[in-house]
Amino acid sequence: MKDIRLMKGNEAIAEGVIRAGCDGYFGYPITPQSEVLEYLMANKTKERTGMIVLQAESEIASIHMVYGGAAAGKRVMTSSSSPGISLMQEGISFMAGTELPCLLLNVVRGGPGLGTIQPSQSDYFQTVKGGGHGDYKMIVLAPASVQEMYDFAKLGFELAFKHRIQVMVLSDGAIGQMMEKVELDEQVPRWTDAEIKIKSPWATTGKTPDRERNIITSLDLNPVKQEIININLQKKFKHIQDTEVRFERIQCDDAEYLFVAYGSSARICQKAVLLGRERGIKVGLLRPITLFPFPTIELAKLAKQVKGMLSVEMSAGQMVEDVRLAVNGVVPVEHYGRLGGIMPAPDEVLNILEKNFIKEKSYEPHTN
Amino acid sequence: MKDIRLMKGNEAIAEGVIRAGCDGYFGYPITPQSEVLEYLMANKTKERTGMIVLQAESEIASIHMVYGGAAAGKRVMTSSSSPGISLMQEGISFMAGTELPCLLLNVVRGGPGLGTIQPSQSDYFQTVKGGGHGDYKMIVLAPASVQEMYDFAKLGFELAFKHRIQVMVLSDGAIGQMMEKVELDEQVPRWTDAEIKIKSPWATTGKTPDRERNIITSLDLNPVKQEIININLQKKFKHIQDTEVRFERIQCDDAEYLFVAYGSSARICQKAVLLGRERGIKVGLLRPITLFPFPTIELAKLAKQVKGMLSVEMSAGQMVEDVRLAVNGVVPVEHYGRLGGIMPAPDEVLNILEKNFIKEKSYEPHTN
Amino acid sequence: MSHIPTKDEICEPENMVYSRTCLLTDNALSYCPGCGHGTAHRLIMEVIEEMNLQADTIGVAPVGCSVLAYDFMNIDMQQAAHGRAPAVATGIKRLYPDKFVFTYQGDGDLAAIGTGETIHVCNRGENITVFFVNNGIYGMTGGQMAPTTLPNMKTATSPFGRDTETMGHPLKITELIANLPGTYFVSRQSVHTPANVRKAKKAIEKAISYQKLNKGLCFVEIVSNCNSGWKMTPLESNKWMEDNMFPYYPLGDIKVPK
Amino acid sequence: MSHIPTKDEICEPENMVYSRTCLLTDNALSYCPGCGHGTAHRLIMEVIEEMNLQADTIGVAPVGCSVLAYDFMNIDMQQAAHGRAPAVATGIKRLYPDKFVFTYQGDGDLAAIGTGETIHVCNRGENITVFFVNNGIYGMTGGQMAPTTLPNMKTATSPFGRDTETMGHPLKITELIANLPGTYFVSRQSVHTPANVRKAKKAIEKAISYQKLNKGLCFVEIVSNCNSGWKMTPLESNKWMEDNMFPYYPLGDIKVPK
Amino acid sequence: MTEEIIIAGFGGQGVLSMGKILAYSGMMQNKEVSWFPSYGPEMRGGTANVTVIISDERISSPILNKFDTAIILNQQSMDKFENSVKKGGVLIYDPNGIVRHPERKDINIYTIDAADEAARLGLAKVFNMLVLGAFLKLKPLIEPEYMRKGLEKSLPLRHHNSIPENEKAIERGKEIVKEIHLAN
Amino acid sequence: MTEEIIIAGFGGQGVLSMGKILAYSGMMQNKEVSWFPSYGPEMRGGTANVTVIISDERISSPILNKFDTAIILNQQSMDKFENSVKKGGVLIYDPNGIVRHPERKDINIYTIDAADEAARLGLAKVFNMLVLGAFLKLKPLIEPEYMRKGLEKSLPLRHHNSIPENEKAIERGKEIVKEIHLAN
Amino acid sequence: MATVKGEIIVNTERCKGCELCVPVCKEKTIAMSVNLNSKGYHFASSINADCNGCTNCALVCPDGAITVYRVKVN
Amino acid sequence: MATVKGEIIVNTERCKGCELCVPVCKEKTIAMSVNLNSKGYHFASSINADCNGCTNCALVCPDGAITVYRVKVN
Ligand SMILES: Cc1ncc(C[n+]2csc(CCOP(=O)(O)OP(=O)(O)O)c2C)c(N)n1
Ligand SMILES: Cc1ncc(C[n+]2csc(CCOP(=O)(O)OP(=O)(O)O)c2C)c(N)n1
Ligand code: SF4
Ligand code: SF4
Ligand code: SF4
Ligand code: SF4
Ligand code: SF4
Ligand code: SF4
Ligand SMILES: [Mg+2]
Ligand SMILES: [Mg+2]
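Line by line, the protein sequences are chains Z, A, X, R, E, D, H and C. First residue of the first sequence? That's 1 in the working numbering, and the numbers climb one at a time after it. First residue of the second sequence? That's 1001 in the working numbering, and the numbers climb one at a time after it. First residue of the third sequence? That's 2001 in the working numbering, and the numbers climb one at a time after it. First residue of the fourth sequence? That's 3001 in the working numbering, and the numbers climb one at a time after it. First residue of the fifth sequence? That's 4001 in the working numbering, and the numbers climb one at a time after it. First residue of the sixth sequence? That's 5001 in the working numbering, and the numbers climb one at a time after it. First residue of the seventh sequence? That's 6001 in the working numbering, and the numbers climb one at a time after it. First residue of the eighth sequence? That's 7001 in the working numbering, and the numbers climb one at a time after it.
Heads up, a few of these hints could be off.
[As the list claims (entries may be wrong)] Derived PhoX-like pairs: lysine-lysine, alpha-carbon spacing no greater than 20 Å straight-line: (1) A:Lys-1046 <-> R:Lys-3007; (2) C:Lys-7028 <-> R:Lys-3007; (3) D:Lys-5080 <-> D:Lys-5066; (4) Z:Lys-44 <-> X:Lys-2154; (5) X:Lys-2199 <-> X:Lys-2239; (6) D:Lys-5080 <-> C:Lys-7039; (7) Z:Lys-2 <-> E:Lys-4153; (8) R:Lys-3007 <-> C:Lys-7026; (9) Z:Lys-235 <-> Z:Lys-162; (10) A:Lys-1235 <-> A:Lys-1162; (11) X:Lys-2007 <-> H:Lys-6039; (12) D:Lys-5168 <-> D:Lys-5125; (13) X:Lys-2154 <-> Z:Lys-46; (14) E:Lys-4080 <-> A:Lys-1225; (15) X:Lys-2199 <-> X:Lys-2154; (16) H:Lys-6072 <-> E:Lys-4080; (17) E:Lys-4125 <-> Z:Lys-2; (18) C:Lys-7005 <-> R:Lys-3007; (19) C:Lys-7072 <-> R:Lys-3239; (20) R:Lys-3215 <-> R:Lys-3202; (21) Z:Lys-2 <-> Z:Lys-162; (22) Z:Lys-225 <-> D:Lys-5080; (23) Z:Lys-225 <-> Z:Lys-199; (24) A:Lys-1162 <-> A:Lys-1238; (25) R:Lys-3007 <-> C:Lys-7072; (26) E:Lys-4139 <-> E:Lys-4086; (27) H:Lys-6072 <-> X:Lys-2007; (28) R:Lys-3231 <-> D:Lys-5149; (29) A:Lys-1002 <-> D:Lys-5153; (30) X:Lys-2231 <-> E:Lys-4125; (31) D:Lys-5149 <-> A:Lys-1002; (32) X:Lys-2239 <-> H:Lys-6026; (33) X:Lys-2215 <-> X:Lys-2231; (34) A:Lys-1044 <-> R:Lys-3154.
FYI, nobody ran anything at the bench for these hints, they're computed from the structure.
Isolated chain Z (complex conformation):
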């Protein structure tokens, strides 16, 4: 029988990582994601799978504990919410520079500063463009349901180890706090130390006579070597862009207008598509599931089909830049966002779409 539960998003991803064979979680409480650590602690993971769970003294300590564990080849993770993730930026940049696989979770709340604890999507830039220093990317997964919070635990670890990269699950307070149905799957066994040596031969597990010592470092004082390291990093990101794009097309086939939205906003837009179709508007939704790699090619294709795109985000306009870069001026791309912890309503975003592309402006194809 399938194991079906009603869970909070935060609980679902916690259960997800346990079942994905996670070795270690290091984290620090912050609303609206403290349930992740609480769930893991309540679930006696040490006894269930051997997974270690430790409350660190800060987010900075958390990310560097993750660094240590990841550098030793383990499946490790941390989670936090916006201010805590900001504190991790140096650590994330170090993990990027050392190409360490790990799972990160940001249950975004409204900023800037202490802001509010309500859901928001205003950390897109930080996550996708690089909040830390240097040229790097993480794979960014944007769940739009509690089920995806659960699913992306396993997927996240898989991608992280496949590409030796950090995978960030970019969620928000709504997805983290809400309960929905979740279908759970089987426990994946944790890797044994012997498996780790095979799967991650680069890991620092103790130098044995059969190999040279392993070193995890992001430093090279020689700029020529440092450039090569960076070029290789860029090649990896290019490869990921070419192979790992994920998105969902909702009523796109005949769409004349398009919503582009991820996470919570995508749920709103999905409803708005239904409403729009009721009103006779041929509107569709492209939901990026990976924010990096971004569905650039798909959007470029759709740009040839639709008359306008509306990027809906709970932010002042962040993902919209990636939509515009993909569309490259072919059709108008507008942005609609609510700020500070407020979620827009389906009819609200539909009205904006109408106002932008149908009612007021008469659309003219882009020339010159």
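Fit chains A, X, R, E, D, H and C with the ligands to the known structure of chain Z by using the hints.
Here is chains A, X, R, E, D, H and C with the ligands on its own, set in the frame of chain Z:
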């Protein structure tokens, strides 16, 4: 007689802030910018102007000392280099949320991670898009000479207080470490406490009977109020975009091809423009001086004139996105960058420009 | 007067012997019923009022249940990031050496994420005053384990009790910083009985008046309850605090000026 | 043999009484001439060799002059961000409780930016070993003031000497963490004379072998020189260290198992 | 079919778990459900509320401004949510402790004396099940067998012996809910 | 006119200050100048180098791969920079301590026995000024009056009494520099 | 012999019903009301005339809800 | 009476000329060479046959440049 000196960029900005009437510097050593703190310490600022200089225990402490001083109405600053700036992201987001004026300096080195201590421009995204959580912008000044390191001290404080915003001077190891000629100007007196009360009536200087208490906070648990706070922030950023754009046009009037470059890269491109003109190529350079606000309108205008733009950065391609967003598909925009602490040479970038737009690809105007 | 006065006769302004200080605003405190934060706020404001320091005071409160302290204290205040109040206060005090600058921090804030700032502000002997409300838990975020949580104590993140083997020992940060040459006066108090309230107020008075002497940092810990986090009634929690917290965090002065 | 042996006869492998451990790589150390980091490296590697721990050891070195330790120590190593080695080591040790995990940190690293991590790794009693090279200065970045810099000592950021009034007092972090229940063995050594080298090696041996007992954190401070930062010759700096550093940082065991 | 419900009251009244049982039951009956609590320091004030949505379609936003049904269990919640009921929607409240009763004429208002009844039964714990009964009487979305499954799933095993008691309370709630007719 | 120079040697040889005096003098003569040092832990190894550019135009990059002139003062620097001299450029070195002498035939090579001369004069400190003299002999970019101004500006006041000494050393350097002719 | 006589006034809207003031009153002057204030708390109130104005109750009240008065009675 | 006789070999390329080994040798066996190694350091070298193999010099050498040998002589 004019006071002319040969100074390092790091020393020039240190001298600049003293003369700009800075009240306090809080910082932590890191290469390649430790000379800022060292110069201030050696210059007995307490005796010269009353300016306080304190070596903090970390970059995190530094930025929050700046927060405290700024919230009390003082002209305060910190400086660091890439990893240290990453650590300040939460603090910067807090200053954005509380609209505190301050001067920040990033003497960028190559990343990600510990990277290298050589010059780089790979922190553009972090600085311009927002490395901290939430929707915010800083004014970003990009000096291309030691003189500008000096000049932007005063300009930075002026802009910071004019708009109650954080001003980041985005420099790099080359500009920070090189010595060039600097022309110094007169000492600006520090504000007295009485002046502060008038110029910054919002500052927490002690509640007197003549006013309500002043509160500096970025928190509002009510999302409706939090949204209004955010909307007002966005209006401010819009106003800055409309009024504070700064750039330099070099041989743009008749240009058929355009370099877009800031800071050190702009110096290289300026030479490349000369070389190009010698080769008979009508090439110009647009040098953004403010990265936020970005010279979007100027670039959109130039897009109607030139046949192609090459964004030259010591990064894997960051500012190029803002160039593309400005140009919106009207002409091709390419990127050329060196990574990991390496600076490109003038002939190198000119060759790339030729290769991209003149020799191999025959240019076709962008339609559809 | 020899007749027994009526209630109305007694309740005249001139007979008032205790009322809320005017340095508390009219806003209702956001704390749970019986929470010691309220009393701690009141005492600090009483002393500032009595010492006539309102115009010279800048307070700093970071995140924690008391994040909204600025709604209640009628003084200029700055809200600080989690753990960073000591750095924020340093920034203020260095630039305004004549103002009275204090921080008001919880145990999660001061002894977990803010440990570095706490140690260094004490080590530098910044002339500020730190009020440290130790309730052995993260109240604000829903009752998670703090560095100060007692052994075997159950919290949201130690649901089977704090296991000192894996989760560390309760951190006596107050004793630690008392060792540093930069601290001048260090005291641990509580505010759960009238006698303790009186003592705590004395300590607060000292900590504030010493700041004028520029001798270093003054630090007053207030061991307090967290009814919600501990899942007890206020009266139960005060009893539990006496029985369990005080043996670990004994009340009294820890460092006094020589 | 009764004849006086020749140099060649003496210099035979079987007569070798001291040579560089094979756990040091062939790379030339990047340290300035006479810098104690080299000796400290050697001793740690000697002990790991003698205890046959190479295959079980994971070392962590953060930023500081010893950032390239991985170029010299022939073991698996992780380079950590400035100040975060204790957190990194925690991450490793929790997941590999049977490995030998150590950090190698400078005073700027361990006692400034890393103070929070240092206190908490000690408070949790992580079963790791911390080697702490205290040269009273930031060597790597060009000789700036560290928390451990002595009063009145001149550095790049205290060019007129450390003024304890405004810059704080030298932080005796080792004494501080010895107070925490999570630490098991805490010792302060130096490596500037043969006798001190022998003592330091003993302390390192203890700190490593105690890790097996899972009793908590072992901490060995090595008071060392920084010729470049102090602007002295190696011999001068060792003398200066004896005369000035040792009175403030007295050598010897600070906490030993009961 | 989509039913959007807010349940609001005091911390100790079982508001969140009532919502959870309802959502779980809906889920067992193969509906799409979502449950969204008030969270964070909001709770310091002592109030608690939860939004429950039960639908035949995928649910868009778990956070709403307008509701089909509001179940209101104290004065503060009445002040906050009376106006959030959609025109023609339902408001159910326990008048105990309510000073300012609802006044809207464009919605259907019901009361249930659940606190009194729970006290009468000597079973303070079933207070929220009585209220749930009232709701189910007015909006019979969930069939009793799924209600039971929901109870089974949402209560920890050690409380399963109280399921019959809970079911009885739900039935009793259905009986004692009363419609209020406001004079025009 | 643009002259791009690298000066490379040991830490104690006054490499950075030689560069600074040269740059300052150029600046006094109203030229554009830049001075760019090796920095950071590179210096731990004991080597030091500085790039000086003197030009009539605004200077583009202060960091270069190729130089008009290389002034080389130890073996490590010879290994590193011999090949960085532009074709037809100038390499000046002090042969003291040099094991592997330069071998390029497409550049002009000069030696100056500055260390010996400084020792002979009993003025170890003027070593770098002797070398600077050699450079100025070959590239007379700076007029003596500006050289003096450069010295005045770049030396702290308390060292101004040593200026004549330094000037003399520069002159002496001009005398003792020698061209090397490599056999083909 | 001069004795003292006290009275308290509880700001019932400010009171949160925590009951901390009850046990500290040696005169047993304070008890919790059966009524609720508008926030739903059973507030404290004075139930006898024995108050001596010792201020104990006010000192421990976290919400500063109690004002104390005292007069000397000869 | 059995005495010991020692010898040292200095890896001159590894030596950085710090001189730390010189004063710790009671036999005054070590002195700094006037020659430079390829890195430009005056390296240490053994200047007499009095070495007793005590290892002091090797213990303090930060660069591990000294290997010590010892034999018993009857
Ligand atoms: C960087 C960051 N991390 C985490 C949080 C979440 N947070 C807010 S307050 C707090 C702890 C509160 O505990 P304490 O300081 O003991 O105060 P109390 O509420 O118990 O009075 C935490 C973890 C935050 N706001 N910012
Ligand atoms: C976040 C960050 N801040 C600052 C630095 C620059 N930095 C590198 S090492 C160091 C201090 C080194 O001093 P110490 O730890 O005492 O080691 P030593 O070099 O003296 O052995 C500093 C400030 C950095 N690398 N990262
Ligand atoms: S949660 Fe605890 S600390 Fe916070 S207000 Fe409630 S009782 Fe006080
Ligand atoms: S700078 Fe100091 S600590 Fe660093 S290698 Fe040189 S002597 Fe050693
Ligand atoms: S003042 Fe004293 S006697 Fe009067 S009610 Fe309060 S505690 Fe009781
Ligand atoms: S102590 Fe204050 S809040 Fe608590 S019951 Fe008494 S009057 Fe009310
Ligand atoms: S081994 Fe002893 S005697 Fe021999 S050279 Fe070294 S210090 Fe001198
Ligand atoms: S101690 Fe070692 S490095 Fe120093 S001089 Fe002696 S042999 Fe050379
Ligand atoms: Mg607390
Ligand atoms: Mg050091």
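Results for each hint:
Taken as a hint, the Lys-1046 (chain A) and Lys-3007 (chain R) pair is broken in the structure, with Cα atoms around 64 Å apart against an allowance of 20 Å. Of the supplied pair hints, the one linking Lys-7028 (chain C) and Lys-3007 (chain R) holds, its CA atoms being roughly 17 Å apart against a limit of 20 Å. Distance hint between Lys-5080 (chain D) and Lys-5066 (chain D) is fulfilled; the C-alpha atoms sit about 12 Å from each other, no more than 20 Å. A hinted pair counts as satisfied when its Cα atoms are at most 20 Å apart, and Lys-44 (chain Z) with Lys-2154 (chain X) qualifies at roughly 14 Å.
For the hint linking Lys-2199 (chain X) to Lys-2239 (chain X), the alpha-carbon distance of about 19 Å falls within 20 Å, and the restraint holds. Restraint check: the Cα-Cα separation between Lys-5080 (chain D) and Lys-7039 (chain C) comes to about 13 Å, which is no more than 20 Å; the hinted pair holds. Taking the CA atoms of Lys-2 (chain Z) and Lys-4153 (chain E), the gap is about 14 Å. The hint holds against a cut of 20 Å. With a C-alpha separation of about 19 Å, the suggested pairing of Lys-3007 (chain R) with Lys-7026 (chain C) holds against the 20 Å cut-off.
Only pairs whose Cα atoms come within 20 Å are accepted, and Lys-235 (chain Z) paired with Lys-162 (chain Z) is accepted, the gap being roughly 15 Å. This hinted pair checks out: Lys-1235 (chain A) and Lys-1162 (chain A) have alpha carbons roughly 15 Å apart, not beyond 20 Å. At roughly 27 Å between alpha-carbon atoms, Lys-2007 (chain X) and Lys-6039 (chain H) are farther apart than 20 Å, so this suggested pair is violated. Proposed proximity of Lys-5168 (chain D) and Lys-5125 (chain D) is supported: the alpha carbons are some 13 Å apart, at most 20 Å.
Proposed proximity of Lys-2154 (chain X) and Lys-46 (chain Z) is supported: the alpha carbons are some 18 Å apart, at most 20 Å. Between Lys-4080 (chain E) and Lys-1225 (chain A) the CA atoms are separated by roughly 16 Å; this keeps the pair inside 20 Å, and the hint holds. With a CA separation close to 30 Å, the supplied pair Lys-2199 (chain X) and Lys-2154 (chain X) exceeds the 20 Å bound. Proposed proximity of Lys-6072 (chain H) and Lys-4080 (chain E) is contradicted: the alpha carbons are some 48 Å apart, above 20 Å.
Under the criterion of a C-alpha separation no larger than 20 Å, the hint pairing Lys-4125 (chain E) with Lys-2 (chain Z) is inconsistent with the structure, at around 32 Å. Our distance criterion of 20 Å between C-alpha atoms is met by Lys-7005 (chain C) and Lys-3007 (chain R), whose separation comes to about 10 Å. Between Lys-7072 (chain C) and Lys-3239 (chain R) the CA atoms are separated by roughly 35 Å; this puts the pair beyond 20 Å, and the hint is violated. Of the supplied pair hints, the one linking Lys-3215 (chain R) and Lys-3202 (chain R) holds, its CA atoms being roughly 19 Å apart against a limit of 20 Å.
Proposed proximity of Lys-2 (chain Z) and Lys-162 (chain Z) is contradicted: the alpha carbons are some 28 Å apart, above 20 Å. At roughly 16 Å between alpha-carbon atoms, Lys-225 (chain Z) and Lys-5080 (chain D) fall within 20 Å of each other, so this suggested pair holds. Proximity of Lys-225 (chain Z) to Lys-199 (chain Z) is assessed by CA-CA distance (about 26 Å); at most 20 Å being required, the pair is judged violated. Taken as a hint, the Lys-1162 (chain A) and Lys-1238 (chain A) pair is honoured in the structure, with Cα atoms around 14 Å apart against an allowance of 20 Å.
For a cut-off of 20 Å, the pair hint linking Lys-3007 (chain R) to Lys-7072 (chain C) stands: about 13 Å separates their Cα positions. Proximity of Lys-4139 (chain E) to Lys-4086 (chain E) is assessed by CA-CA distance (about 15 Å); at most 20 Å being required, the pair is judged to hold. Distance restraint check for Lys-6072 (chain H) and Lys-2007 (chain X): the Cα-Cα separation of roughly 13 Å lies within the 20 Å cut-off, and the hinted pair is therefore satisfied. Of the pairs offered as hints, the one joining Lys-3231 (chain R) and Lys-5149 (chain D) is violated, with about 30 Å between alpha carbons and a cut-off of 20 Å exceeded.
Distance hint between Lys-1002 (chain A) and Lys-5153 (chain D) is fulfilled; the C-alpha atoms sit about 14 Å from each other, no more than 20 Å. Between Lys-2231 (chain X) and Lys-4125 (chain E) the alpha-carbon distance is near 18 Å, which keeps this suggested pair within the 20 Å criterion. For the proposed pair Lys-5149 (chain D) and Lys-1002 (chain A), the alpha carbon gap of about 15 Å is at most 20 Å, so the pair holds. The straight-line distance between the Cα atoms of Lys-2239 (chain X) and Lys-6026 (chain H) is roughly 18 Å, inside the 20 Å bound, and the hint therefore holds.
The suggested pairing of Lys-2215 (chain X) with Lys-2231 (chain X) is violated, with an alpha-carbon distance near 41 Å, which exceeds 20 Å. Our distance criterion of 20 Å between C-alpha atoms is met by Lys-1044 (chain A) and Lys-3154 (chain R), whose separation comes to about 14 Å.
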